Amino acid sequence: MAVANIEVSETPLVLYALRRADDALILGHRLSEWCGHAPAMEEDMALANMGLDLLGQARELYSYAAKVEGRGNDEDKFAYLRDVRQYRNLLLVEQPNGDFARTMVRQFFYAAFADLYWRAMMGSSDPTFAAIAAKSEKESAYHLRHSSEWIVRLGDGTEESHRRTQNAIDDLWAYTGEMFAVDDGERGLIDAGIAIDPATLKSRWLKTVTGIVNEATLALPKSDWMQQGGRVGSHSEHLGHLLSELQSLQRTFPGATW
Amino acid sequence: MYTQALNSSDGDDRGVEDVARASQFQARIDADERIEPNDWMPAAYRKTLTRQISQHAHSEIVGMLPEGNWITRAPSLRRKAALLAKVQDECGHGLYLYAAAETLGTSREELVDAMLSGKAKYSSIFNYPTLTWADIGTIGWLVDGAAIMNQIPLCRCSYGPYARAMIRVCKEESFHQRQGFEIMVTLCRGTAEQKAMAQNALDRWWWPVLMMFGPPDQVSQHSDTSTKWKIKRFSNDELRQKFIDATVPQAEFLGLTIPDPGMKQNENGNWVHSPIDWDEFKQVLAGNGPCNRDRLAARRKAHEEGAWVREAAAAYAEKRKSRQLAQAAE
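So the sequence lines, in the order shown, correspond to chains A and B.
Numbering-wise, this note's numbering puts 218 at position 218 of the first sequence, and it's gapless, one number per residue.
Numbering-wise, this note's numbering puts 232 at position 232 of the second sequence, and it's gapless, one number per residue.
Source of the hints: derived by calculation from the structure; they are not laboratory data.
It should be emphasised that the depicted structure is a prediction, and the values quoted were computed from it without experimental measurement.
Note that CB positions come from ideal geometry on N, CA and C, so glycine has one too.
Don't take every hint at face value.
[Said to hold, decoys possible] In silico DSS-like pairs for lysine-lysine, Cα to Cα no more than 30 Å straight-line:
1) B/Lys195 / A/Lys135
2) B/Lys321 / A/Lys207
3) A/Lys207 / B/Lys319
4) B/Lys242 / B/Lys195
[Unchecked claim] Estimated spans, in silico, between C-beta atoms of each pair:
5) A/Ala40 / B/Ala326: 21 to 31 Å
6) A/Pro254 / B/Pro259: 45 to 55 Å
7) B/Ala326 / A/Asp171: 45 to 55 Å
8) A/Lys135 / B/Ser274: 48 to 58 Å
9) A/Ser236 / B/Pro275: 48 to 58 Å
10) A/Lys135 / B/Ala27: 52 to 62 Å
11) A/Ala40 / B/Ala286: 25 to 35 Å
12) A/Lys67 / B/Arg189: 21 to 31 Å
[What the hints assert, rightly or not] Here are a few chain B residues that sit away from chain A, every Cβ distance over 10 Å (derived from the structure):
13) Pro37
14) Ser174
15) Lys230
16) Phe234
With these hints in hand, go ahead and build the complete structure from the sequences.
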């Protein structure tokens with residue numbers, strides 16, 4: 001018998017925490033896929049390091065969601081017993097690793113946002129979020145520095161690295177808009193001072209991204225069409241495969257403790 | 001060249017093993033002094049250590065693969081984080097050990113190339129597959145346990161950089177060993193299926209783990225000089241015995257059966273194992289283990305697919321340097 005998916009009471013606060021937790025888990029999982037296969041041992045270390053940071057953020061956010069929800073769910077139930085339609089992460093973070101350029105561009109777009117986001121969230125009226133933000137901000141600052149340095153090296157490195165990095169930017173750009181979108185439930189949290197409005201970060205994000213991309217002799221696409229759907233469970237095809245791997249033991253051995 | 005970078009006295013001591021210097025060197029070893037990178041050392045000492053330390057480094061790096069196989073499938077977030085951190089530690093050990101080997105005068109690139117070409121060896125244990133989650137527990141419990149038995153004495157190895165690297169590595173390994181044992185405890189207290197998974201993993205790993213200590217003393221090639229140079233302080237068989245004696249009660253605690261029905265305790269309290277299938281060991285060393293080809297292929301793939309990244313980094317560094325020079329000239 002397969003394990004049924006859990007039911008989640010997605011109140012605005014629970015949903016808010018789950019969305020950020022899912023971002024961190026899925027991106028952390030993607031980074032962990034590199035472990036043992038990176039272009040240099042130093043990058044094996046760095047990618048694992050960032051994966052661990054994100055995994056840590058995910059665990060704290062899931063635990064808080066579980067506490068707020070109060071229905072007996074926990075970090076592992078959220079991670080292992082929800083299916084694709086119940087995941088609430090950004091489309092950006094579930095995109096496959098591809099080559100190292102694609103992984104770094106995905107990391108860079110996200111970290112440039114997360115760095116600003118968590119710094120602003122340190123002022124949340126919710127002390128748990130403020131504490132999670134304080135820790136995540138330090139980590140995101142490193143993720144941003146690491147990925148920015150690579151974008152510049154790759155963009156301004158060889159012809160091949162330039163081409164690969166530009167392709168990655170072109171392909172991933174349409175997934176960046178979702179980071180700044182807000183729905184009604186989250187609007188309520190913003191009005192209450194619990195969450196911050198990501199739209200207020202957009203111009204600073206764009207400034208950071210443009211600065212690095214220019215330094216790297218690369219260019220941002222002209223298109224402003226943005227894909228959406230991750231926040232409400234309409235994902236790309238990639239997430240299902242990631243989850244089938246992530247959840248395989250929990251789904252195969254229902255109810256076991258590991 | 002083993003000696004060119006660091007040993008300034010290399011010119012005189014290369015071909016001839018100067019008898020006086022060799023005996024001075026041995027006297028230092030006998031007095032338990034540490035040999036440091038710039039000290040005179042016999043060419044054979046340098047060669048032996050370069051081989052041993054780099055094999056150790058390769059083992060750490062190749063060893064990331066069997067466990068890395070389960071990072072994306074770890075059964076809880078806590079286990080996932082612990083496993084990712086563990087495999088990351090192994091990478092760190094690899095880097096650390098390559099740095100120690102480099103102090104003997106061979107570059108990391110050369111050492112890694114020797115591994116990728118199949119010329120240099122790594123621990124044969126990593127040529128076995130990780131089939132279930134219980135393998136992750138078993139590797140921590142037994143493979144890291146065996147590694148610790150081998151490595152604790154190396155903390156007192158005569159070569160300073162290796163000894164110091166081992167002190168740090170051993171601390172982390174003993175943490176990994178406890179983590180692995182804790183996975184086994186959880187499985188053995190779990191469902192019948194989980195316990196069967198744990199037993200099956202022990203059945204598959206037990207004999208290969210005993211082989212990790214190397215051939216029996218009467219056929220071991222390197223032991224005599226290594227012992228004289230205080231690189232090796234215990235024989236293969238001594239370490240293997242220590243490991244078995246430490247492990248038997250742990251298996252009992254777990255309620256698992258060691259897959260050696262003929263194993264008996266002798267009058268000294270030591271557990272005497274049945275004969276080890278050294279043919280299997282030779283086959284795995286010769287490249288015929290279940291995963292030899294996969295492991296090397298994975299390392300080569302990472303290396304080859306990463307080439308453009310490393311080239312880009314080098315090209316960028318070069319551009320930056322010439323821009324800075326141009327700026328300075330203005």
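The hints, checked one at a time:
no., hint, result
1, B/Lys195 / A/Lys135, "violated (39 Å)"
2, B/Lys321 / A/Lys207, "holds (27 Å)"
3, A/Lys207 / B/Lys319, "holds (25 Å)"
4, B/Lys242 / B/Lys195, "holds (26 Å)"
5, A/Ala40 / B/Ala326: 21 to 31 Å, "holds (28 Å)"
6, A/Pro254 / B/Pro259: 45 to 55 Å, "violated (29 Å)"
7, B/Ala326 / A/Asp171: 45 to 55 Å, "violated (35 Å)"
8, A/Lys135 / B/Ser274: 48 to 58 Å, "holds (53 Å)"
9, A/Ser236 / B/Pro275: 48 to 58 Å, "holds (56 Å)"
10, A/Lys135 / B/Ala27: 52 to 62 Å, "holds (55 Å)"
11, A/Ala40 / B/Ala286: 25 to 35 Å, "holds (30 Å)"
12, A/Lys67 / B/Arg189: 21 to 31 Å, "holds (27 Å)"
13, Pro37, "holds (21 Å)"
14, Ser174, "holds (20 Å)"
15, Lys230, "holds (30 Å)"
16, Phe234, "holds (30 Å)"
Figure legend: structure checked against the earlier numbered hints; hints not met, in rising order: 1, 6 and 7.
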